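Quick note, the sequences are listed as chains A and B, same order.
Heads up, the first sequence is in the working numbering, so the first residue is 1 and it goes up one at a time.
Heads up, the second sequence is in the working numbering, so the first residue is 113 and it goes up one at a time.
Where hints are given, some of them may not hold.
Said to hold, decoys possible - With a straight-line cut-off of 25 Å between C-alpha atoms, the simulated DSS-like cross-links for lysine-lysine are: (1) B:121 with B:152; (2) B:134 with A:2; (3) B:134 with B:150; (4) A:2 with B:153; (5) A:2 with B:150; (6) A:99 with B:165.
By construction, these hints were calculated from the structure, which means they are not laboratory data.
These numbers come from a predicted model, not from an experiment.
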Amino acid sequence: RKEVEQDPGPFNVPEGATVAFNCTYSNSASQSFFWYRQDCRKEPKLLMSVYSSGNEDGRFTAQLNRASQYISLLIRDSKLSDSATYLCVVNIPYSSASKIIFGSGTRLSIRP
Amino acid sequence: DTEVTQTPKHLVMGMTNKKSLKCEQHMGHRAMYWYKQKAKKPPELMFVYSYEKLSINESVPSRFSPECPNSSLLNLHLHALQPEDSALYLCASSQEGLAGDFYNEQFFGPGTRLTVL
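Go ahead and model the full structure; you've got the sequences and the hints to work with.
See the structure below:
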């Protein structure tokens, strides 16, 4: 089983739609969780951190369920500029540092 | 300044060449990372430096040799690479505490796109 698994996608939705991504992780020692977005041929950029109580940033809402070991990302009122690959990221303590594990990513395309 | 810079942006090298990738950050971060990313795949961790010491080596072949000259700089020395090593090489940094403060996000540089002929 992969350490971090995401919806395979691709998701192709109309502008204005609501879209949700899920991600599961296998290591119960995982300490912190993030969603990154990556545009074609660019570096990953932090979209939002995911906190236990859930958090919202404008049109984006992230949720964490530690008992079931999954995190989610909800995008409301999607825009054309939301088209990107969304990477679920889990941070695991490891020795004197931490390991960051990426999910395989979910490609999102927003159509006009 | 929340920027991680990487040079060069693009690099083409032969299998017998020796080259180096450079990464710099001025955010006071004490952890720095090298990743390799192939097309349509997520980044794969290669090395982690914490407080200028190598903390994690993900069984990377010795033809890749990391170096951390100081807390702001991270190099990746390349020698005798293979064509399958062609990829985007990403550097990242994060706040990291010796006490195990693992809650901090990583900031990525724009990457070096490497082609090995």
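Checked hints:
no.	hint	in the structure
1	B:121 with B:152	19 Å, holds
2	B:134 with A:2	31 Å, violated
3	B:134 with B:150	19 Å, holds
4	A:2 with B:153	14 Å, holds
5	A:2 with B:150	18 Å, holds
6	A:99 with B:165	15 Å, holds
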